[in-house]
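**Student:** Residue numbers (my numbering): 1 to 72.
Take the hints with a grain of salt, since some may be wrong.
[To be verified] Label pairs and their calculated CB-CB ranges: (1) Glu10 <-> Asp41: 34 to 44 Å; (2) Arg14 <-> Lys50: 21 to 31 Å; (3) Asp41 <-> Lys16: 26 to 36 Å; (4) Asp69 <-> Arg44: 36 to 46 Å; (5) Glu63 <-> Val38: 29 to 39 Å; (6) Val12 <-> Gln51: 21 to 31 Å; (7) His9 <-> Ile71: 19 to 29 Å; (8) Gln36 <-> Asp69: 23 to 33 Å; (9) His9 <-> Lys56: 14 to 24 Å.
Calculated from the structure, these hints are not laboratory results. Using N, Cα and C, we set each Cβ at its ideal position, and we do this for glycine too.
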Amino acid sequence: MNAHLEMDHEEVLRVKLEVLRREHRDLDEAILALTQAVHSDQLRLVRLKKQKLALKDEIARIEDQLTPDIIA
1 MNAHLEMDHE EVLRVKLEVL RREHRDLDEA ILALTQAVHS DQLRLVRLKK
51 QKLALKDEIA RIEDQLTPDI IA
């Protein structure tokens with residue numbers, strides 16, 4: 001009955017991937033703004049960069065799951 005409302009695994013991954021990409025862009029903008037500030041908080045900058053890198057790794061993992069294996 002609710003079959004049309006349920007998303008399959010691949011659709012869920014695609015939605016999650018888009019959310020992570022948006023978060024990654026937002027972090028990029030926050031890092032840029034912080035680096036341009038006169039008195040930037042270096043500790044916060046490092047934390048944001050680590051968070052951005054973790055998001056990049058998660059994005060890569062999901063992209064690998066969505067990319068079919070090519071048998072050569």
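**Student:** Between glutamate 63 and valine 38, is the Cβ distance one that fits in 29 to 39 Å?
**Tutor:** holds (38 Å)
**Student:** Confirm or reject the claim that aspartate 41 and lysine 16 have a C-beta distance inside 26 to 36 Å.
**Tutor:** holds (30 Å)
**Student:** Cβ-Cβ distance between glutamine 36 and aspartate 69: within 23 to 33 Å?
**Tutor:** violated (43 Å)
**Student:** Does 21 to 31 Å hold as the CB distance between arginine 14 and lysine 50, or does it fail?
**Tutor:** holds (26 Å)
**Student:** If I claimed the Cβ atoms of histidine 9 and isoleucine 71 lie 19 to 29 Å apart, would that claim hold in this structure?
**Tutor:** holds (21 Å)
**Student:** Please check whether aspartate 69 and arginine 44 have a Cβ separation lying inside 36 to 46 Å.
**Tutor:** 40 Å Cβ-Cβ, so the 36 to 46 Å window holds.
**Student:** Indicate whether the distance between the beta carbons of valine 12 and glutamine 51 respects the range 21 to 31 Å.
**Tutor:** At roughly 23 Å between Cβ atoms, glutamine 51 and valine 12 fall inside 21 to 31 Å, so the hint holds.
**Student:** Within 14 to 24 Å or not, the Cβ separation of histidine 9 and lysine 56?
**Tutor:** 22 Å Cβ-Cβ, so the 14 to 24 Å window holds.
**Student:** Taking 34 to 44 Å as the hint, is the beta-carbon distance of glutamate 10 and aspartate 41 inside that range?
**Tutor:** Since glutamate 10 and aspartate 41 have Cβ atoms about 40 Å apart, the given range 34 to 44 Å holds.
Hint compliance for this structure: hint 8 alone is broken.
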